[in-house]
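S.K.: Go ahead and model the full structure; you've got the sequences and the hints to work with.
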Amino acid sequence: MNGSRRWRGSDGPRPHRTAPPLVMRSPFRFGLLASLGGAVVVAAALLLPVLSTVLVMFLVAWLLATGLNRGVALLVRKGLRRGLAVTAVLLGCLLAAALLGAIVVPVAVTEIAGLVGSLDDYVRWLASTDAVQDFEERYHLFDQFAGYLTPDRVQSLASGVIGGAVSVAGAFFIVFTVGVLTLYFLVGYDRILNGAFRLAPASKRADGRELADGVLDKVGGYLTGAVLVAICAGVSSFLLMLVLGTPYPLALALVVAGLDLIPQVGATLGAVVCALVTLTVSLPAALVAVAFFIGYQQLENFFIYPRVMNRTVQVSSLAAVASVLVGGAVAGVLGVLVAVPACAAVQLIVRATVLPRLDRT
72 MNGSRRWRGS DGPRPHRTAP PLVMRSPFRF GLLASLGGAV VVAAALLLPV
122 LSTVLVMFLV AWLLATGLNR GVALLVRKGL RRGLAVTAVL LGCLLAAALL
172 GAIVVPVAVT EIAGLVGSLD DYVRWLASTD AVQDFEERYH LFDQFAGYLT
222 PDRVQSLASG VIGGAVSVAG AFFIVFTVGV LTLYFLVGYD RILNGAFRLA
272 PASKRADGRE LADGVLDKVG GYLTGAVLVA ICAGVSSFLL MLVLGTPYPL
322 ALALVVAGLD LIPQVGATLG AVVCALVTLT VSLPAALVAV AFFIGYQQLE
372 NFFIYPRVMN RTVQVSSLAA VASVLVGGAV AGVLGVLVAV PACAAVQLIV
422 RATVLPRLDR T
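Just so it is clear: in the sequence shown, position 151 is 222 by this note's numbering, and no numbers are missing.
FYI, nobody ran anything at the bench for these hints, they're computed from the structure. Take the hints with a grain of salt, since some may be wrong.
Ranges of calculated distance between the beta carbons of each label pair, as one might list FRET restraints [claimed, not checked]: (1) V112 with L264: 25 to 33 Å; (2) S274 with V176: 48 to 56 Å; (3) A179 with L107: 51 to 59 Å; (4) T424 with V397: 32 to 40 Å; (5) L299 with L405: 19 to 27 Å; (6) A179 with R280: 42 to 50 Å; (7) V237 with R378: 39 to 47 Å.
Using N, Cα and C, we set each Cβ at its ideal position, and we do this for glycine too.
M.R.: Shown next, in the form of structure tokens:
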């Protein structure tokens with residue numbers, strides 16, 4: 072008792088008292104918080120499949136806005152106001168899209184119209200070949216096909232066509248929505264970031280903002296690198312189409328460049344389109360195109376793409392290839408798209424937070 076009084080009257084520091092655990096202070100509050108946490112997890116698990124498309128649209132729009140913001144920041148550093156810089160970047164994107172449409176769309180419409188117009192001639196030619204006539208004599212293909220087209224099956228085919236048209240309309244709606252979201256994100260880019268960091272503790276805001284700016288810069292660098300890789304694919308395809316005499320080489324090169332923005336598989340998709348068009352020239356020319364694109368896909372995957380990303384995102388070639396393979400295995404095309412910037416972001420966060428702590432130990 073006297074010792075306790077002497078301590079209270081002394082000027083020395085008081086011993087540190089640790090607060091009791093939350094369970095000991097209020098078991099009811101702990102149970103309530105645990106129940107709420109479990110309810111949030113269950114609700115997220117139920118809503119995630121429903122909202123997956125919306126979340127992907129927001130993610131893609133934010134990535135596009137981050138890439139375009141590099142151009143806006145460059146114009147702002149040149150002395151232009153941010154509003155005018157955003158307008159200039161958006162006008163540039165619209166002009167590029169209009170130019171692409173003016174080159175590709177008329178060619179596609181002309182080719183599809185020509186294909187539909189000559190479809191009857193192709194069918195007649197196919198029916199007149201010896202192989203088809205031999206099959207007809209043996210198996211009566213045309214009679215079986217006519218018997219297959221019952222009213223119920225025709226209605227089913229019509230429903231499939233309508234469903235395909237609805238899917239195409241839905242794809243256009245998604246593209247339009249992503250474009251609008253990108254516009255909103257780009258206009259309010261700084262305001263969105265400032266509002267997000269208001270939720271962080273004041274003592275951590277400066278460091279957190281610096282780290283976030285570094286991560287977003289990596290994302291912008293990735294998009295710049297992806298455009299450079301796509302340009303390489305488009306230029307090489309254009310030269311190949313000129314050598315082979317393929318019709319519409321510029322339109323095909325633009326298609327290849329656009330599809331090549333999808334890493335790992337984009338060049339293959341473009342190769343299918345180019346090979347089909349080159350087939351109108353000759354079969355050997357189409358085989359040459361297929362062989363070229365197979366070789367170019369490997370060259371891009373393991374040489375061009377890693378080296379470009381090493382320059383623009385500062386991710387090693389091995390890390391770029393490994394992250395793309397892992398991202399594709401985990402989340403498909405979306406995983407491939409975000410693999411390299413995610414890898415760069417993880418590297419930056421580890422260097423800024425984990426390594427300094429390890430160095431101090």
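S.K.: Going through the numbered hints above, which ones does this structure break? Give me the numbers in ascending order.
M.R.: Of the numbered hints given earlier, the structure breaks just one, which is hint 4.
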